[in-house]
Amino acid sequence: MNHWIRPLIVAAALALLAGCAATGESTTEEQQTTQDATAQPSITAQPGQEAYSYGYGQAPVGAYETYDAAGGAAAGAGGRPGQAVAVGAVPADRVVYFSFDSAEILPESRTIIEANARRLMKSSRTVTQLEGHTDERGSREYNIALGERRANAVRQAMIAMGVTPQQIRVVSYGEERPAATGQDEQSYALNRRVEIVY
Amino acid sequence: MKAIERTTWFLAILIGVFGAMAAHAQITLDITKGIEGGGVPIAIAPFSGGAPENIAGIIASDLQRTGKFAPQPAGSRADYSVAGQANSGGSRGYVVQFQLSGAQGGQLLNLSFDAPANQLRAVAHRISDLIYEKLTGDKGLAGTRIAYVAGGGGTWYLVVADADGQNPQTILRSSQPIMSPAWSPDGSRLAYVSFEGRHPQIVVQDVGSGARRIVSAAPGINGAPSWSPDGRRLAFTLSKDGNPEIYALNLGSTTPVRLTSGGAIDTEPVWLPDGSIVFTSDRGGSPQLYRMAPGGGAAQRLTFEGDYNARPAVSPDGRTIAMVHRRGGRFHIAVLDLQNHQFRVLTAGGLDESPSFAPNGKMIIYSNGQRLTAVSLDGSVKQDFALRGNGRDPVWAPFAR
Chain A
1 MNHWIRPLIV AAALALLAGC AATGESTTEE QQTTQDATAQ PSITAQPGQE
51 AYSYGYGQAP VGAYETYDAA GGAAAGAGGR PGQAVAVGAV PADRVVYFSF
101 DSAEILPESR TIIEANARRL MKSSRTVTQL EGHTDERGSR EYNIALGERR
151 ANAVRQAMIA MGVTPQQIRV VSYGEERPAA TGQDEQSYAL NRRVEIVY
Chain B
1001 MKAIERTTWF LAILIGVFGA MAAHAQITLD ITKGIEGGGV PIAIAPFSGG
1051 APENIAGIIA SDLQRTGKFA PQPAGSRADY SVAGQANSGG SRGYVVQFQL
1101 SGAQGGQLLN LSFDAPANQL RAVAHRISDL IYEKLTGDKG LAGTRIAYVA
1151 GGGGTWYLVV ADADGQNPQT ILRSSQPIMS PAWSPDGSRL AYVSFEGRHP
1201 QIVVQDVGSG ARRIVSAAPG INGAPSWSPD GRRLAFTLSK DGNPEIYALN
1251 LGSTTPVRLT SGGAIDTEPV WLPDGSIVFT SDRGGSPQLY RMAPGGGAAQ
1301 RLTFEGDYNA RPAVSPDGRT IAMVHRRGGR FHIAVLDLQN HQFRVLTAGG
1351 LDESPSFAPN GKMIIYSNGQ RLTAVSLDGS VKQDFALRGN GRDPVWAPFA
1401 R
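Read top to bottom, the protein sequences are chains A and B.
Per this note's numbering, the very first residue in the first sequence carries number 1; after that it's consecutive.
Per this note's numbering, the very first residue in the second sequence carries number 1001; after that it's consecutive.
Hints listed in this document are in silico derivations from the structure and should not be mistaken for laboratory results.
One thing to keep in mind: the hints can contain errors.
Said to hold, decoys possible - Label pairs and their calculated CB-CB ranges:
#1 PRO165(A) / SER1175(B): 27 to 35 Å
#2 PRO60(A) / PRO1116(B): 16 to 24 Å
#3 GLN49(A) / GLY1328(B): 39 to 47 Å
#4 GLY1328(B) / GLN58(A): 27 to 35 Å
#5 ASP1241(B) / PRO107(A): 29 to 37 Å
Quick reminder that beta carbons are idealized off the backbone N, C-alpha and C, glycines included.
Build the full structure now, drawing on both the sequences and the hints.
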């Protein structure tokens, strides 16, 4: 529960900051786009905030230092073949892998999907977020669409197993959050996945 | 430039002939290698005076990068020469003066600027662009800017830098992914996708002030924002109805209008000057580019080369579409001429993605997911950006107004 409630709180805080009414995270209703346009001024760091915007030329020097470091660390001609990124790794029993260019559920994935479906059916108040991912090849926004197609495939399988649709939310990260940083088939296979997040 | 065009056409015909002989339907042209040894010699003398920037060095580097000039040391035999001074004084701190002369000594430009010390770099770029425009008739790019996304793996950055990659400025730092920046036509704002709250939303940020506004946070995908030519509307992708579809939002309104339908992926809309929209769709089984009228409806397929064409970008004159093109398992940047339907592969390929046209239409900047490269449309120049970190999703800003 904690894992998905926390982002909701942050999202709500962000919504308030941006002067918008609601984020629509907890409802299936169509999200109204925000037009009141209480523009958020250039802001400095606050605890718990996820993003900081700056006017051009106004970012503190420190922001650039971390950019340098992160840029170097994430610069990934580096990354050994199949090397996993440890940060925020999801347990293996909550990851469903896919073939290249495919959103088809593989037979070997059914056990993992069934186990998670049972968990959701046992506790009707539990909500899962299915996070779809792709490998880095091809267009980034098209990969967002492919990642969603994969997450929806897992969602449909769970619903067919008896899970209430309202317990499942879907988000696609495309190629933006790789599980492995190598530029090889082994890494690509680790990145074509749906993570089942509670 | 005429010679390059002629060479290109000759190569095109040659390859066309060979292709026909080999019975391949091959009408594309790889011009990645470029044309060696080109460039009009121009002698650039160090600026006297003692300004804290190497103005002559910046001008030489700017002109070199265009591929149309070969900067030489002062006193060399050259078709043109540049000399200048930068002295402290004037109302703002420095007075920069320069002269551009022809080989016979005739003066072509003689201008002066008042500038503070921290604007001397911008003045040097301005001088480069004045020289370039005087001698080629085209507007120069030295004074333009690019935006790109950097970082990843825990911290993401949206960066605005000069067109030479120098002077990078972070305008957004986030612990969640940032994607798909797009400049407003007047260059004052960037639309982008931010995953703050582990949920994608489309944000418009004023570049000067840093002020932000969320314009879409619907359930599902909020992606691929693109500005209409008049800057009053955004097209983007939403999947709130269950499938990725293209919408247009009047920025003075709250309700986006849906432009596509069907079970396929429709995404990556970009506006042509006439208001029609080019986008990526897999409605035919593989991702290809299509074009539809401003109000949506029936779409006409534009690409037929290979099994993957996506992420269109439109040239400023609306004549050329750049895209991500896959052949033989490699991703290239390719361009399609909408008038004569010529299709050309511009880059050697690998993981090339995210093409964006320079505002004079002469160059395309793109990424391989880690680094930025610019290539000229005529294939004569290829320029790798030396960034301090990584870079992707580059977008070339319009000319400042």
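Verification of the supplied hints:
Checking the proposed 27 to 35 Å range against PRO165(A) and SER1175(B) shows it holds: the Cβ atoms sit about 30 Å from each other. Restraint check, PRO60(A) to PRO1116(B): a C-beta distance of roughly 21 Å satisfies the suggested window 16 to 24 Å. Between GLN49(A) and GLY1328(B), the C-beta spacing of about 46 Å keeps the proposed range 39 to 47 Å intact. Look at GLY1328(B) against GLN58(A): about 46 Å separates their beta carbons, and that is not inside 27 to 35 Å.
Look at ASP1241(B) against PRO107(A): about 31 Å separates their beta carbons, and that is inside 29 to 37 Å.
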